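Peer 1: Sequence:
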Amino acid sequence: MEILGAEAVPWSYKTDCCGASLVMTRTDIVVQLSQRILSMAREAGADCIVTGCTMCHANLDTRQSGLPALDGAKGIPVFYFTELMGLAMGHKESKKWLRRHVTDPIKLLSMKGLI
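Numbered per the working numbering, the sequence shown spans residues 1 to 115.
Bear in mind the hints are in silico, worked out from the structure with no lab data behind them. You may find that some hints are simply not true.
[Claimed, not checked] With a straight-line cut-off of 25 Å between C-alpha atoms, the simulated SDA-like cross-links for lysine to any residue are: (1) Lys107 with Ala8; (2) Lys112 with Cys53; (3) Lys112 with Val102; (4) Lys92 with Ala58; (5) Lys112 with His91; (6) Lys96 with Lys107; (7) Lys107 with Thr25; (8) Lys107 with His91; (9) Lys112 with Ile3; (10) Lys95 with Gly52; (11) Lys14 with Lys92; (12) Lys107 with Glu7; (13) Lys112 with Met24; (14) Lys92 with Glu43; (15) Lys14 with Leu4; (16) Lys96 with Met111; (17) Lys14 with Val50; (18) Lys96 with Ala46; (19) Lys92 with Gly66; (20) Lys96 with Leu114; (21) Lys14 with Leu114; (22) Lys107 with Met55; (23) Lys95 with Leu109; (24) Lys96 with Glu2; (25) Lys112 with Glu43; (26) Lys14 with Leu109; (27) Lys92 with Thr103; (28) Lys95 with Ala58.
[Unchecked claim] FRET-style restraints, in silico, Cβ to Cβ: (29) Asp28 with Trp97: 16 to 22 Å; (30) Lys107 with Leu22: 28 to 34 Å; (31) Lys96 with Gly5: 18 to 24 Å; (32) Met111 with Met24: 33 to 39 Å.
Fair warning: this is a prediction, and the values are worked out from it, not measured in the lab. A virtual CB, placed ideally from N, CA and C, is assigned to each residue, including glycine.
Between the sequences and the hints, there should be enough to build the whole structure, so can you do that?
Peer 2: The following block contains the structure:
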């Protein structure tokens with residue numbers, strides 16, 4: 001993401017799994033792992049999370065609405081890396097996908113001058 005102009009924030013959970021394979025059988029574990037990832041990202045100073053896994057993107061974005069309001073884990077936009085690549089390269093269709101996010105990314109992207 002740095003090659004596209006983003007600042008990558010180092011943090012201890014940046015490669016941890018959200019538990020996507022457990023989403024049907026152990027939702028409680030997925031919620032716990034997702035909350036931990038989101039909280040640690042916020043604590044490290046991240047404005048958003050960019051992932052290369054579609055299941056992590058789905059879990060980290062959609063599960064925020066159901067998380068308890070602890071540790072600032074709510075309200076962190078989550079992107080699949082190709083979304084930001086499209087925006088950085090000026091691909092006009094990229095903006096259409098943003099409205100599909102559960103956690104609204106528009107404010108952050110506007111502040112960063114990307115839309």
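Peer 1: Each hint should be assessed against the structure and marked as holding or not.
Peer 2: Outcome of the hint check:
{"no.": "1", "hint": "Lys107 with Ala8", "verdict": "19 Å, holds"}
{"no.": "2", "hint": "Lys112 with Cys53", "verdict": "24 Å, holds"}
{"no.": "3", "hint": "Lys112 with Val102", "verdict": "20 Å, holds"}
{"no.": "4", "hint": "Lys92 with Ala58", "verdict": "23 Å, holds"}
{"no.": "5", "hint": "Lys112 with His91", "verdict": "17 Å, holds"}
{"no.": "6", "hint": "Lys96 with Lys107", "verdict": "15 Å, holds"}
{"no.": "7", "hint": "Lys107 with Thr25", "verdict": "35 Å, violated"}
{"no.": "8", "hint": "Lys107 with His91", "verdict": "19 Å, holds"}
{"no.": "9", "hint": "Lys112 with Ile3", "verdict": "16 Å, holds"}
{"no.": "10", "hint": "Lys95 with Gly52", "verdict": "19 Å, holds"}
{"no.": "11", "hint": "Lys14 with Lys92", "verdict": "29 Å, violated"}
{"no.": "12", "hint": "Lys107 with Glu7", "verdict": "18 Å, holds"}
{"no.": "13", "hint": "Lys112 with Met24", "verdict": "36 Å, violated"}
{"no.": "14", "hint": "Lys92 with Glu43", "verdict": "33 Å, violated"}
{"no.": "15", "hint": "Lys14 with Leu4", "verdict": "18 Å, holds"}
{"no.": "16", "hint": "Lys96 with Met111", "verdict": "18 Å, holds"}
{"no.": "17", "hint": "Lys14 with Val50", "verdict": "9 Å, holds"}
{"no.": "18", "hint": "Lys96 with Ala46", "verdict": "24 Å, holds"}
{"no.": "19", "hint": "Lys92 with Gly66", "verdict": "32 Å, violated"}
{"no.": "20", "hint": "Lys96 with Leu114", "verdict": "13 Å, holds"}
{"no.": "21", "hint": "Lys14 with Leu114", "verdict": "23 Å, holds"}
{"no.": "22", "hint": "Lys107 with Met55", "verdict": "24 Å, holds"}
{"no.": "23", "hint": "Lys95 with Leu109", "verdict": "10 Å, holds"}
{"no.": "24", "hint": "Lys96 with Glu2", "verdict": "23 Å, holds"}
{"no.": "25", "hint": "Lys112 with Glu43", "verdict": "20 Å, holds"}
{"no.": "26", "hint": "Lys14 with Leu109", "verdict": "21 Å, holds"}
{"no.": "27", "hint": "Lys92 with Thr103", "verdict": "21 Å, holds"}
{"no.": "28", "hint": "Lys95 with Ala58", "verdict": "18 Å, holds"}
{"no.": "29", "hint": "Asp28 with Trp97: 16 to 22 Å", "verdict": "30 Å, violated"}
{"no.": "30", "hint": "Lys107 with Leu22: 28 to 34 Å", "verdict": "32 Å, holds"}
{"no.": "31", "hint": "Lys96 with Gly5: 18 to 24 Å", "verdict": "22 Å, holds"}
{"no.": "32", "hint": "Met111 with Met24: 33 to 39 Å", "verdict": "37 Å, holds"}
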